[in-house]
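Visitor: As a plain string of letters, each chain reads:
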Amino acid sequence: MTAKIGGERLVLPLRASRRTRAVAKRVLAAVAVMWGAATLAFIALHLLPGDPVARLLGPMTSASETVRAQIEHDFGFDQPVVVQYLRYLGNLVHGDLGESYQLQQPVAKLIADQLWPTVQLALAAVAIAAVIALVSAVVTAGRPVLRAATSVWELVAVSTPSYWVGILLLTVFSFQLRIFPVAGGEDLAALVLPAVTLALSIAGVLSQVLREGLETALTQPFAITARARGLSQTGVRLRHALRHALLPVVTLMGWLTGTLLGGVVPVETVFGRPGVGSLVLHAVTSNDMPLVMGVVLLSALVFVLISTVVDLLYPLIDPRLRTQGASG
Amino acid sequence: MSTQRKTGTAIAAVASLSLVLAACDSSSGGASGATGNPVTGGTLTYAINTDADCLDPHQSPADVAGFFARPIVDSLVSLDAAGKIYPWLATSWTTSPDGKAYTFSLRTDVTFSDGEPFDAAAVKANFDHIAAKTTKSQYAASLFGPYAGTDVVDPYTVKVRFTQPFAPFLQAASTAYLGIYSPKALADNADKLCAGGPVAVGSGPFTFTGYTKGQSVVLTRNPGYAWAPPTAQHTGPAHLQTVTFRILPENSTRLGALTSGQVDVAKPLPPANAKTVGDTPNLSIERPVSPGSVYSLYLNTRSAPLDDQRVRTAIQRGIDVGADVKAIYFGQLDRAWSPLSPVTPAYDKTLENSWPYDPAKSAQLLDEAGWTGRDAGGYRTKDGRRLTLSWPSLPAGDAKESRDVLAQAIQADLKKIGVEAQHPPLDVGTYSAKANAGDFHLLDLSWARFEPDVLRSFFNSASGPPKGQNASFLKDPEVDTWTNAGAATADERLRAVDYAGVQHKVIDIAAVVPLYVPNRIVGVSKRVKGLSFDPNAWSLLYDVWRDGQ
Numbered sequence: 574m575t576a577k578i579g580g581e582r583l584v585l586p587l588r589a590s591r592r593t594r595a596v597a598k599r600v601l602a603a604v605a606v607m608w609g610a611a612t613l614a615f616i617a618l619h620l621l622p623g624d625p626v627a628r629l630l631g632p633m634t635s636a637s638e639t640v641r642a643q644i645e646h647d648f649g650f651d652q653p654v655v656v657q658y659l660r661y662l663g664n665l666v667h668g669d670l671g672e673s674y675q676l677q678q679p680v681a682k683l684i685a686d687q688l689w690p691t692v693q694l695a696l697a698a699v700a701i702a703a704v705i706a707l708v709s710a711v712v713t714a715g716r717p718v719l720r721a722a723t724s725v726w727e728l729v730a731v732s733t734p735s736y737w738v739g740i741l742l743l744t745v746f747s748f749q750l751r752i753f754p755v756a757g758g759e760d761l762a763a764l765v766l767p768a769v770t771l772a773l774s775i776a777g778v779l780s781q782v783l784r785e786g787l788e789t790a791l792t793q794p795f796a797i798t799a800r801a802r803g804l805s806q807t808g809v810r811l812r813h814a815l816r817h818a819l820l821p822v823v824t825l826m827g828w829l830t831g832t833l834l835g836g837v838v839p840v841e842t843v844f845g846r847p848g849v850g851s852l853v854l855h856a857v858t859s860n861d862m863p864l865v866m867g868v869v870l871l872s873a874l875v876f877v878l879i880s881t882v883v884d885l886l887y888p889l890i891d892p893r894l895r896t897q898g899a900s901g
Numbered sequence: 137m138s139t140q141r142k143t144g145t146a147i148a149a150v151a152s153l154s155l156v157l158a159a160c161d162s163s164s165g166g167a168s169g170a171t172g173n174p175v176t177g178g179t180l181t182y183a184i185n186t187d188a189d190c191l192d193p194h195q196s197p198a199d200v201a202g203f204f205a206r207p208i209v210d211s212l213v214s215l216d217a218a219g220k221i222y223p224w225l226a227t228s229w230t231t232s233p234d235g236k237a238y239t240f241s242l243r244t245d246v247t248f249s250d251g252e253p254f255d256a257a258a259v260k261a262n263f264d265h266i267a268a269k270t271t272k273s274q275y276a277a278s279l280f281g282p283y284a285g286t287d288v289v290d291p292y293t294v295k296v297r298f299t300q301p302f303a304p305f306l307q308a309a310s311t312a313y314l315g316i317y318s319p320k321a322l323a324d325n326a327d328k329l330c331a332g333g334p335v336a337v338g339s340g341p342f343t344f345t346g347y348t349k350g351q352s353v354v355l356t357r358n359p360g361y362a363w364a365p366p367t368a369q370h371t372g373p374a375h376l377q378t379v380t381f382r383i384l385p386e387n388s389t390r391l392g393a394l395t396s397g398q399v400d401v402a403k404p405l406p407p408a409n410a411k412t413v414g415d416t417p418n419l420s421i422e423r424p425v426s427p428g429s430v431y432s433l434y435l436n437t438r439s440a441p442l443d444d445q446r447v448r449t450a451i452q453r454g455i456d457v458g459a460d461v462k463a464i465y466f467g468q469l470d471r472a473w474s475p476l477s478p479v480t481p482a483y484d485k486t487l488e489n490s491w492p493y494d495p496a497k498s499a500q501l502l503d504e505a506g507w508t509g510r511d512a513g514g515y516r517t518k519d520g521r522r523l524t525l526s527w528p529s530l531p532a533g534d535a536k537e538s539r540d541v542l543a544q545a546i547q548a549d550l551k552k553i554g555v556e557a558q559h560p561p562l563d564v565g566t567y568s569a570k571a572n573a574g575d576f577h578l579l580d581l582s583w584a585r586f587e588p589d590v591l592r593s594f595f596n597s598a599s600g601p602p603k604g605q606n607a608s609f610l611k612d613p614e615v616d617t618w619t620n621a622g623a624a625t626a627d628e629r630l631r632a633v634d635y636a637g638v639q640h641k642v643i644d645i646a647a648v649v650p651l652y653v654p655n656r657i658v659g660v661s662k663r664v665k666g667l668s669f670d671p672n673a674w675s676l677l678y679d680v681w682r683d684g685q
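Respectively, the protein sequence lines represent chains A and B. This note's numbering puts the first residue of the first sequence at 574, with every later residue one more than the last. This note's numbering puts the first residue of the second sequence at 137, with every later residue one more than the last.
Incorrect hints may have been included.
Partial list, derived from the structure: chain A residues whose beta carbon lies under 7 Å from chain B [stated by the list, open to error]:
(1) Leu621
(2) Ala627
(3) Ala700
Note that these hints are calculated values from the structure, not bench results. This structure is a prediction, so every number in the text was calculated from the model and none was measured. Ideal Cβ placement from N, Cα and C applies to all residues, glycine included.
Isolated chain A, as found in the complex (with noise of 0.2 Å):
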């Protein structure tokens, strides 16, 4: 008893650490990652070409000298480039994303404002892609007529640009049929047209690492010991081979969402959606570099945020992984 008491004493307290440290570790990585994020986007903002005062005002502007005097004051451009990144790492810390160039508002409240169209659209995909993927894998891994058959409609989805897709959809669903909206951010039944353009992608993706995965698995000795057990093909393939193969369909889809912040570009701008996508496009081409890097910033989280959602989700998978998991 007391034994046992005095072994737990000793366990605890050793696991309590090893999992600070382990989220120690984390958390630094984390930061580390931002901070180059942060640094290489303001290198890569002062060698741009030319005067950030007349990058941000464009050519052939009517605005004064006394105008460009005042922006280049309230935007710290007179500064040396030392004290401007100082002050941008400070204000970072803080919270503060600085102030866009173009639209005169706080990033961070810009970013936030577009943050959950955004999210919503990639959520949306993400789900409509993985059940797409899932049901077209699980039912042709294996069988060369069907395999054959959704290889074509995958790699029709895998190349064709997505701008091109909605434009389609629009078209059939929304200015022929008229079931859907053209466009907006309003309610569900606007958000069904852009999303489903966004998961045809990225289900021609998913649904062929997956195949290949249930193959492989299905080849695998274990299988065939479950078919001699007497369970069906169906549930060996739902069971076990399913299993095996989520793996890499798991890493890819948390890369695959990661890209989003990127791949909604498109579809934002053809269905007319609000989104960090569209905010992102206005950022570039007007050149307004707060935002751009803001941006920049919240990929380099999504990333961070996602790769530790999926770390999480490995061992939930692969029973084998939790131990591995506990000593290293």
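Add chain B to chain A, keeping to what the hints say.
Guide: The following block gives chain B in isolation, referenced to the frame of chain A:
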């Protein structure tokens, strides 16, 4: 970006079209015809291609900022399509004998939609706000020209002073860029005006009720509105209850939204689709022409070999402008003959057909200028050097109105006369640096404003980049005298003479090759009645109503 925004765009005045003109103008037939009794209420959905970075016309140079603001803020005066000034918030005005001061008598019955009264102090607060350097006004402040200050003479009399005679001021005062906000809005929320929404309080026929960035702008009728300018077709509150602008950047989406009846008005439509839309029974096409400086190629007179007038004329006559514009824009845009658009006051019609395409003359002039050799590429050479011209391009500006395709046609024309025109795409920083330093031969620009004073910013020697748009780097004493004289006098006959002189001179010395007259192809559902356009080719929403349904 800014070139894209500013150049093709109407940076300028937005004012009202006269009742008489709208009723008589047959070109605004179909959808615009105000037949039947106006219906009160309903929503108009208007698809537009672009959002504004900053929605405050006091700060932003974007045409769309002025467009969204026009129904929200009123101006001191109103302008009709002929360029005649009418009262609006000011009942009358006088110009001092030296032309340096304008005294306005103001209406006494106007209230802003937040309940604040309109008076001389409100005008002063607005003008001081625009001129303040902390406002960083990129356009409105420049409309003030040699501004000295605004004085409150009595509660309903205000005096605006300038350091020099400044005739373009009344036109400027008619624009939404010098529109009047509630002084309370300026005092409390000056820093939030860029973000738009209900903080932007004016005295206009609509109030700014909603804004979702990148998606929509929503305006709601101001029920107390009773001070419409005489240029409008009715008095009292606006007919429509709500106006929703939907921002649809993609051409095909905007077009599909219009043809499927999901929006009532769509602007702009691609020239390629204009005819189809016009042939659709329930739709019509309007083509209001933009005023100001047309889309032109400016020839840098300071940069060899274009410092030789013969080479410049060879370029000017060696481009088949008419055929190029007709082919590329499906006949929907007119070729230009003058640097001024035909709808601008003081446009000189006598320039039309005065400088036709003449490649033989170009060849002769280039021979005379000594460019007689030919290299392996078929280009002319002089002392072993190829006749190459640099023409910096901004990809964002090029994509607009198929200007990249037009540029290719021009390059092909010039190749025929043995001139190589390089049109490399540049980033804004490099482009601005080159433009400001005069490190180029050709530059394409346009600038919409209902005022021939644009000629001063394009051709006066004091307007060299970065201070102005004199991309020809022209330094011509006659042109300077004319443009300065035109800015200093309000006498229309004198101005017509001065500006005709400028238009002829810059064509004669080939400082510019006018290309096409920008217009806005607007698709309108026949449900929409009473839609008219102001001198800046922007739709006026105050008189619009929806038929039935």
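Visitor: Each hint should be assessed against the structure and marked as holding or not.
Guide: Quick rundown of the hints versus the structure:
no.	hint	verdict
1	Leu621	5 Å, holds
2	Ala627	4 Å, holds
3	Ala700	23 Å, violated
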